[in-house]
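These protein sequence lines are chains B and E, in that order. Residue numbers for the first sequence follow this note's numbering, beginning at 486 and rising by one. Residue numbers for the second sequence follow this note's numbering, beginning at 8 and rising by one.
Source of the hints: derived by calculation from the structure; they are not laboratory data. Think of the CB as a built atom: it goes at the ideal place given N, C-alpha and C, for glycine as much as any other residue. Hints may be right or wrong, so weigh each one.
[As the list claims (entries may be wrong)] What follows is a list of derived Cβ distance ranges for each label pair:
(1) E:N72 - B:I633: 47 to 57 Å
(2) E:N11 - B:N667: 26 to 36 Å
(3) E:G17 - B:L530: 54 to 64 Å
(4) E:L173 - B:F514: 33 to 43 Å
(5) E:D139 - B:A524: 45 to 55 Å
(6) B:V648 - E:N218: 27 to 37 Å
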Amino acid sequence: MTEKELFTMVGIRPEPAAPKKKVSRLKGFPWISVVLMSAIILCCLFAEVLMTKDPSYLDLKNFNIAPNAEFLFGTDTLGRDIFSGIWYGGRISITIGFLATLISTLIAVVYGSVSGIAPAWLDTLMMRFTEIFLSVPGLLLVLFLQAIFGEANVLTLSIVIGVTSWASIAKVIRTEVRQIRNSEYVVASKCMGGKFFHILRKHLAPNFIASIMFMVVMNVRGAIGSESTLSFMGMGLPLEIISWGSMLSLSEKALLTDSWWIIIIPGAFLVTLLMCLTNIGNYLRKAANRKESNL
Amino acid sequence: MKKNPFVYYGKKALVFLLSVFILSVAVFYISRLAPGDPLMSYYGERVEKMSVEEKEAARDKLGLNDPIHIQYIRWVENAAKGDFGISFKYKQDVMEVIGQRIGFTLILGGIGFVLTFVGALLLGVLCAWYEDKWVDRILCKGGTLLSCIPEFWLSLVLILVFAVTLHWLPSSGAYDIGYKDDVLNRIEHLILPLIIVVLQHLWYYAYMIRNKLLEETRADYVLLGKSKGLSKKEIMFKHCLRNILPSYISIMAISVPHVVGGTYIVETVFSYPGIGALSYESARYHDYNLLMVLCMMTSILVIFCNLIGQIINEKIDPRIKANEVVETSEVTKV
Numbered sequence: 486m487t488e489k490e491l492f493t494m495v496g497i498r499p500e501p502a503a504p505k506k507k508v509s510r511l512k513g514f515p516w517i518s519v520v521l522m523s524a525i526i527l528c529c530l531f532a533e534v535l536m537t538k539d540p541s542y543l544d545l546k547n548f549n550i551a552p553n554a555e556f557l558f559g560t561d562t563l564g565r566d567i568f569s570g571i572w573y574g575g576r577i578s579i580t581i582g583f584l585a586t587l588i589s590t591l592i593a594v595v596y597g598s599v600s601g602i603a604p605a606w607l608d609t610l611m612m613r614f615t616e617i618f619l620s621v622p623g624l625l626l627v628l629f630l631q632a633i634f635g636e637a638n639v640l641t642l643s644i645v646i647g648v649t650s651w652a653s654i655a656k657v658i659r660t661e662v663r664q665i666r667n668s669e670y671v672v673a674s675k676c677m678g679g680k681f682f683h684i685l686r687k688h689l690a691p692n693f694i695a696s697i698m699f700m701v702v703m704n705v706r707g708a709i710g711s712e713s714t715l716s717f718m719g720m721g722l723p724l725e726i727i728s729w730g731s732m733l734s735l736s737e738k739a740l741l742t743d744s745w746w747i748i749i750i751p752g753a754f755l756v757t758l759l760m761c762l763t764n765i766g767n768y769l770r771k772a773a774n775r776k777e778s779n780l
Numbered sequence: 008m009k010k011n012p013f014v015y016y017g018k019k020a021l022v023f024l025l026s027v028f029i030l031s032v033a034v035f036y037i038s039r040l041a042p043g044d045p046l047m048s049y050y051g052e053r054v055e056k057m058s059v060e061e062k063e064a065a066r067d068k069l070g071l072n073d074p075i076h077i078q079y080i081r082w083v084e085n086a087a088k089g090d091f092g093i094s095f096k097y098k099q100d101v102m103e104v105i106g107q108r109i110g111f112t113l114i115l116g117g118i119g120f121v122l123t124f125v126g127a128l129l130l131g132v133l134c135a136w137y138e139d140k141w142v143d144r145i146l147c148k149g150g151t152l153l154s155c156i157p158e159f160w161l162s163l164v165l166i167l168v169f170a171v172t173l174h175w176l177p178s179s180g181a182y183d184i185g186y187k188d189d190v191l192n193r194i195e196h197l198i199l200p201l202i203i204v205v206l207q208h209l210w211y212y213a214y215m216i217r218n219k220l221l222e223e224t225r226a227d228y229v230l231l232g233k234s235k236g237l238s239k240k241e242i243m244f245k246h247c248l249r250n251i252l253p254s255y256i257s258i259m260a261i262s263v264p265h266v267v268g269g270t271y272i273v274e275t276v277f278s279y280p281g282i283g284a285l286s287y288e289s290a291r292y293h294d295y296n297l298l299m300v301l302c303m304m305t306s307i308l309v310i311f312c313n314l315i316g317q318i319i320n321e322k323i324d325p326r327i328k329a330n331e332v333v334e335t336s337e338v339t340k341v
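Same shape as in the complex, but just chain B (with noise of 0.2 Å):
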């Protein structure tokens, strides 16, 4: 038995291994995912170069045909080509995500960092509101924003999705900015006179920036999802406007038919684009508690 054997039978830590040469910091950098999803971005930003045929042409001789030579995809219950509409599509889903994240990361900066700055009475306040907020269901809230903006459109569509999903980063943030509201460099900002905004931006947001940046990808993720989800449901975007939620709202009709590549193959790209999102979140927040741990 050698004598670290031994030691570890008698249950002494194990020590440590020498310290490794240098740990590169990309280590565990999700490769693939990059490379996928810059690689759909890409494609969707040049849709007009891949397509083969007008994505929200009605082709009334050829609807519900199985994927084929012409049709790469397959062709849809309306006629439209899928190969098209997936790169058309693709842009609209994906700027709904982007769009969407933009709106509820601006609200939840603001009303987080208000929050942890103001005094215990509105902060208790604020942060209880949230909860009120979180605990209305949320389908209740789409339809209403829905019914005041009419039509959904992509605008109006991320509006309700920003809208609706800040109340999680607002939280981190408060909790953020109470533990360095009293340091020295914000006192000092603010005898000097800065106003809200200015601390907000030179000293508050670079030190929460890192623990928000995991939830802000996963928010791209959650309004990517909610967008198919709600065009699905049809409280989002109407078939004309082709998006890969609103390509999939001919499901039902696809079932009827057991034509599996209507609902097959806009998901899957769906799903993929998710999931490299997600791989890249859990790499940001893995990056972020590293640097936490070395401090």
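Here the structure of chain B is known, so what remains is to put chain E in place on it, guided by the hints.
For chain E alone, coordinates are given in the frame of chain B:
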């Protein structure tokens, strides 16, 4: 510092009542202010043939012409007497409509919740036991993939595979016509929705268990146990698992409404006649009275379960600030 239990629970109860009150006002206003004609759901197509006067009379009869705060006060007065009004769409007492449906959701959500609770525990322990071995890695990868799949799409794929292609299971409803009392028939209809409910939540909780257990295995008392000669099994189940169980239970308490109440999409896709599908319908057709009660039910459940979770947690570990648990639980919704 010892707290007076009456003050402690009184405070909690007060917060609970206040939240419920604000919530009811909010939901009431939101649902009344949302554009859309409730007469449509009451009279259906006939509305279009009604004259302006008839419409006015109908609005008066249903009390839709009063200012909103009067409507609200009237609603509260009636609700206190147990009268929640009638559903515009079903022309029945709201409670009756809900009563017919709630059993279906409780069965679906309840069984789903128990399966998720037990399944997540087993999976989490399995992953922690085989940390970084292939079992753990495969489960982690699979779980991440699963958590990325939108609920409705997974439902569609399962219907496509098991109902349309293989003809093994029915694709919609809670039972076939004429088989109302046939338990087997009902179970058949329950399988696919149940799979969706469980898969939707399973990995989040399993992953949480795994991480908590891994954190626990790095504690010093594990070394002590090891040096005492305890086996891996004994340490894992008698000590580590026991330490994380209380916090798991409190988190599961908070998650009751997510799992049991979060069945809108599954029920709609599978045309399962439960509360979720009913809420969706009532919101779309402006069935105010019904919507109001349904929203209040879910929200009260959410607030109540959060409270229970907080109390459990404060009892177990007084250092934990009440809010922290809630925060971790909400990451799921992102």
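How the hints compare with the structure:
| no. | hint | result |
| --- | --- | --- |
| 1 | E:N72 - B:I633: 47 to 57 Å | violated, 22 Å |
| 2 | E:N11 - B:N667: 26 to 36 Å | holds, 32 Å |
| 3 | E:G17 - B:L530: 54 to 64 Å | holds, 59 Å |
| 4 | E:L173 - B:F514: 33 to 43 Å | holds, 41 Å |
| 5 | E:D139 - B:A524: 45 to 55 Å | violated, 30 Å |
| 6 | B:V648 - E:N218: 27 to 37 Å | holds, 32 Å |
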